[in-house]
Amino acid sequence: MSEFTWLDGSIVGLYLLATMIAGIMVRRYVSGVDDFLVAGREMNVYLGIASLAATEFGIVTCMYSSEAGYKYGFAGAFPGIANFLAMLIVGWTGFCIKPLRDSGVITIPELLDQRFGGRVRWATGVVIVLGGLLNMGVFLRVGGEFLVAVTGLDTIRMGDGFVEQHKLELMMTILLVAVVIYTVLGGMLSVLVTDYLQFVVMSAGLLTVTLLILVKIGWTQLVDTVESHYGAAGFNPLLNEALGWDFVVFNVLVNTASVLTWQTAIARVLASKDTDTGRKVYARTSFFFLCRWVIPVLWGISALAMCPVGVSSLQAMPRFLATFLPMGFMGLLVAAMLAADMSTDSSYMLTWGGVIYNDILAPLRRGRAWSERKGLLWNRTIVALIGVFLLFYGLWYPLKGDLWSYLAVTGTIYLASISTLLIACCYWPRANSWGAAAAIVVGAAIPVIFLASEQFPATEQIAKTIGPNTAGIAAYVLTGLAMVVGSLLKPRTMTADKDPQS
Amino acid sequence: MMQHWFWLSATVLVVVWYSSITIYVAVRGAVDIKHMLAALSDNRRKQPTDDQSGGAGK
Numbered sequence: 001m002s003e004f005t006w007l008d009g010s011i012v013g014l015y016l017l018a019t020m021i022a023g024i025m026v027r028r029y030v031s032g033v034d035d036f037l038v039a040g041r042e043m044n045v046y047l048g049i050a051s052l053a054a055t056e057f058g059i060v061t062c063m064y065s066s067e068a069g070y071k072y073g074f075a076g077a078f079p080g081i082a083n084f085l086a087m088l089i090v091g092w093t094g095f096c097i098k099p100l101r102d103s104g105v106i107t108i109p110e111l112l113d114q115r116f117g118g119r120v121r122w123a124t125g126v127v128i129v130l131g132g133l134l135n136m137g138v139f140l141r142v143g144g145e146f147l148v149a150v151t152g153l154d155t156i157r158m159g160d161g162f163v164e165q166h167k168l169e170l171m172m173t174i175l176l177v178a179v180v181i182y183t184v185l186g187g188m189l190s191v192l193v194t195d196y197l198q199f200v201v202m203s204a205g206l207l208t209v210t211l212l213i214l215v216k217i218g219w220t221q222l223v224d225t226v227e228s229h230y231g232a233a234g235f236n237p238l239l240n241e242a243l244g245w246d247f248v249v250f251n252v253l254v255n256t257a258s259v260l261t262w263q264t265a266i267a268r269v270l271a272s273k274d275t276d277t278g279r280k281v282y283a284r285t286s287f288f289f290l291c292r293w294v295i296p297v298l299w300g301i302s303a304l305a306m307c308p309v310g311v312s313s314l315q316a317m318p319r320f321l322a323t324f325l326p327m328g329f330m331g332l333l334v335a336a337m338l339a340a341d342m343s344t345d346s347s348y349m350l351t352w353g354g355v356i357y358n359d360i361l362a363p364l365r366r367g368r369a370w371s372e373r374k375g376l377l378w379n380r381t382i383v384a385l386i387g388v389f390l391l392f393y394g395l396w397y398p399l400k401g402d403l404w405s406y407l408a409v410t411g412t413i414y415l416a417s418i419s420t421l422l423i424a425c426c427y428w429p430r431a432n433s434w435g436a437a438a439a440i441v442v443g444a445a446i447p448v449i450f451l452a453s454e455q456f457p458a459t460e461q462i463a464k465t466i467g468p469n470t471a472g473i474a475a476y477v478l479t480g481l482a483m484v485v486g487s488l489l490k491p492r493t494m495t496a497d498k499d500p501q502s
Numbered sequence: 001m002m003q004h005w006f007w008l009s010a011t012v013l014v015v016v017w018y019s020s021i022t023i024y025v026a027v028r029g030a031v032d033i034k035h036m037l038a039a040l041s042d043n044r045r046k047q048p049t050d051d052q053s054g055g056a057g058k
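Those protein sequence lines, which keep their order, are chains A and B. The numbers in the first sequence follow the numbering used here, run straight up by one, and end at 502. The numbers in the second sequence follow the numbering used here, run straight up by one, and end at 58.
If you are wondering where the hints come from, they were derived from the structure by calculation, not from laboratory data. Among these hints, one or two may not hold up.
Claimed, not checked - Dumping the calculated SDA-like pairs for lysine to any residue here, alpha-carbon to alpha-carbon at most 20 Å:
1. K280(A) to H35(B)
2. K280(A) to P99(A)
3. K34(B) to I24(A)
4. K34(B) to T277(A)
5. K46(B) to R373(A)
6. K167(A) to Y393(A)
7. K273(A) to K34(B)
8. K34(B) to V200(A)
9. K280(A) to Y24(B)
10. K34(B) to A22(A)
11. K273(A) to A30(B)
12. K216(A) to V16(B)
13. K273(A) to L40(B)
14. K34(B) to I21(A)
15. K34(B) to R27(A)
16. K273(A) to H35(B)
17. K216(A) to L8(B)
18. K374(A) to R44(B)
19. K34(B) to M20(A)
20. K280(A) to A30(B)
21. K46(B) to R27(A)
Could you put the whole structure together from the sequences, leaning on the hints where they help?
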């Protein structure tokens with residue numbers, strides 16, 4: 001039975017009220033599309049750190065990381081190590097992000113346009129939105145499932161009617177409507193200000209729950225639990241049969257590519273006051289990317305230690321917390337998780353919406369400039385439509401396999417091709433539009449075919465045999481190869497592409 | 001227990017670093033918001049009319 005009481009409800013209500021007020025109040029500072037999409041490029045380092053951290057930690061992050069802890073022990077936290085190192089190195093060296101921010105663009109496809117032409121910009125826009133929205137499609141349902149489980153709503157009867165049958169859907173809708181309201185009104189400004197609030201609330205909740213676990217359960221019991229369930233494989237992913245070298249390689253590739261091109265992270269670099277600020281935001285937030293794995297992995301291991309057998313790996317952590325946390329702490333946890341989820345949803349909707357407006361709709365604006373008012377109206381409409389899409393996609397898509405694998409594979413739809421294009425665009429003078437087109441097609445085709453074959457009974461077994469890690473590695477390797485071969489095939493006389501750095 | 005020193009030190013570092021950065025960012029982030037909103041107000045005063053810039057996209 002959950003410990004969620006009126007005191008917890010009041011904490012959550014207070015947090016929601018503060019967020020909505022802050023998010024809606026800053027809308028008066030939005031006077032144009034630049035303000036809406038990149039906060040007028042006035043973001044400084046610490047606001048950037050808060051925003052990036054809040055955006056990149058949602059309920060979905062907590063759920064897949066804790067699932068990894070429950071299923072693989074400490075070894076499940078390896079993606080966090082890869083992510084931390086990639087972010088630190090990129091922030092330190094400015095690899096790709098320096099030329100990107102220096103170019104003054106709003107999205108990556110806009111930079112690619114300068115080198116590979118308008119068609120590549122449009123195609124990369126489509127691929128980014130496809131990968132991003134499919135990836136984000138499961139956020140709402142996972143968030144709703146977490147909240148229903150920790151608050152104990154699934155065990156409370158609410159009559160026999162519509163509300164009782166659709167508790168999860170109603171929870172998802174309320175969550176989404178709140179986020180859509182302030183994102184549509186204030187764009188990136190609302191996202192930054194609410195992200196700041198959400199970072200503080202989220203961090204307070206995450207740290208409190210983790211300290212409580214370490215004090216009440218203890219480090220020794222956590223280690224013993226992993227030891228008894230998984231042995232040495234619970235501490236080293238290379239020794240773990242379910243993970244292994246392909247998991248390690250795939251995660252190094254995914255995390256490096258996402259640091260370079262994940263639009264929600266890159267949006268913080270592009271919204272920064274200058275290139276140095278963007279690099280500092282990356283380097284100084286990098287360790288958070290280890291925290292965002294280690295903390296939920298500890299929660300997942302605690303669930304393994306304390307939960308009865310028979311609970312699903314995804315549900316184990318919320319069910320454990322529902323009974324573990326005392327009164328008051330549950331409200332803090334729910335507020336923290338709501339904060340984490342709202343900041344992620346708002347930022348993701350705005351970012352993918354920005355790519356739709358800036359790159360996919362770019363041909364509509366060619367030759368005739370749109371007024372700021374019209375641009376704002378389009379951006380707001382797109383964000384609202386993404387909200388509608390999320391609601392329906394989240395309701396019907398059946399998740400197969402574990403959550404992190406789904407996210408890594410859907411992310412790869414664009415991570416493989418866009419990271420290849422970005423690196424080639426910044427550092428390989430011979431790269432051209434033929435190579436770019438080949439990379440886009442190959443990079444998107446492999447993960448889409450893999451995801452589709454997982455859903456059909458005839459091909460399900462083949463997909464299972466190949467596995468998400470091998471499919472993912474193949475996508476990165478073949479995409480790089482497609483870029484090289486395609487570029488070399490195009491005769492030099494036909495290459496009239498421009499170099500963005502020249 | 002000490003044979004898993006890597007995960008023990010990672011956990012300790014995570015808790016200590018995250019606690020410190022939360023307090024620091026909470027203070028400095030509020031200052032950043034104040035400056036950002038002031039700068040946006042200034043920009044708005046300097047550009048009283050626009051309406052034909054075509055938005056962000058080029």
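*Going straight from one Cα to the other, do K280(A) and A30(B) come out at no more than 20 Å?*
18 Å, holds
*asked:* For K216(A) and V16(B), compute the direct alpha-carbon distance and say whether it is at most 20 Å.
replied: 18 Å, holds
*Does the alpha-carbon distance linking K280(A) and H35(B) stay inside the 20 Å limit?*
18 Å, holds
*Verify the proposed pairing of K216(A) with L8(B), using a straight-line Cα cut of 20 Å.*
17 Å, holds
_Pair hint outcome, K46(B) versus R373(A) [Cα-Cα no greater than 20 Å]_ = Distance ~18 Å between K46(B) and R373(A) Cα, so the pair holds.
*Restraint status (C-alpha distance of K273(A) to K34(B) at most 20 Å)*: 14 Å, holds
*Has the given pair, K34(B) with V200(A), been kept, meaning a C-alpha gap of at most 20 Å?*
With a Cα-Cα distance of about 17 Å, the restraint between K34(B) and V200(A) holds, given a limit of 20 Å.
*Verify the proposed pairing of K374(A) with R44(B), using a straight-line Cα cut of 20 Å.*
Roughly 18 Å between the alpha carbons, so the hint for K374(A) and R44(B) holds.
*Is the Cα-Cα distance between K34(B) and T277(A) 20 Å or less?*
17 Å, holds
*Holds or violated: K34(B) with A22(A), Cα cutoff 20 Å?*
Holds, because 13 Å separates the two Cα atoms, which is no more than 20 Å.
_Hinted pair K46(B) and R27(A), Cα distance within 20 Å_ = 19 Å, holds
_Distance restraint between K273(A) and A30(B), which requires alpha-carbon spacing of 20 Å or less_ = Within the cut-off at roughly 16 Å; holds.
The structure agrees with every numbered hint stated previously.
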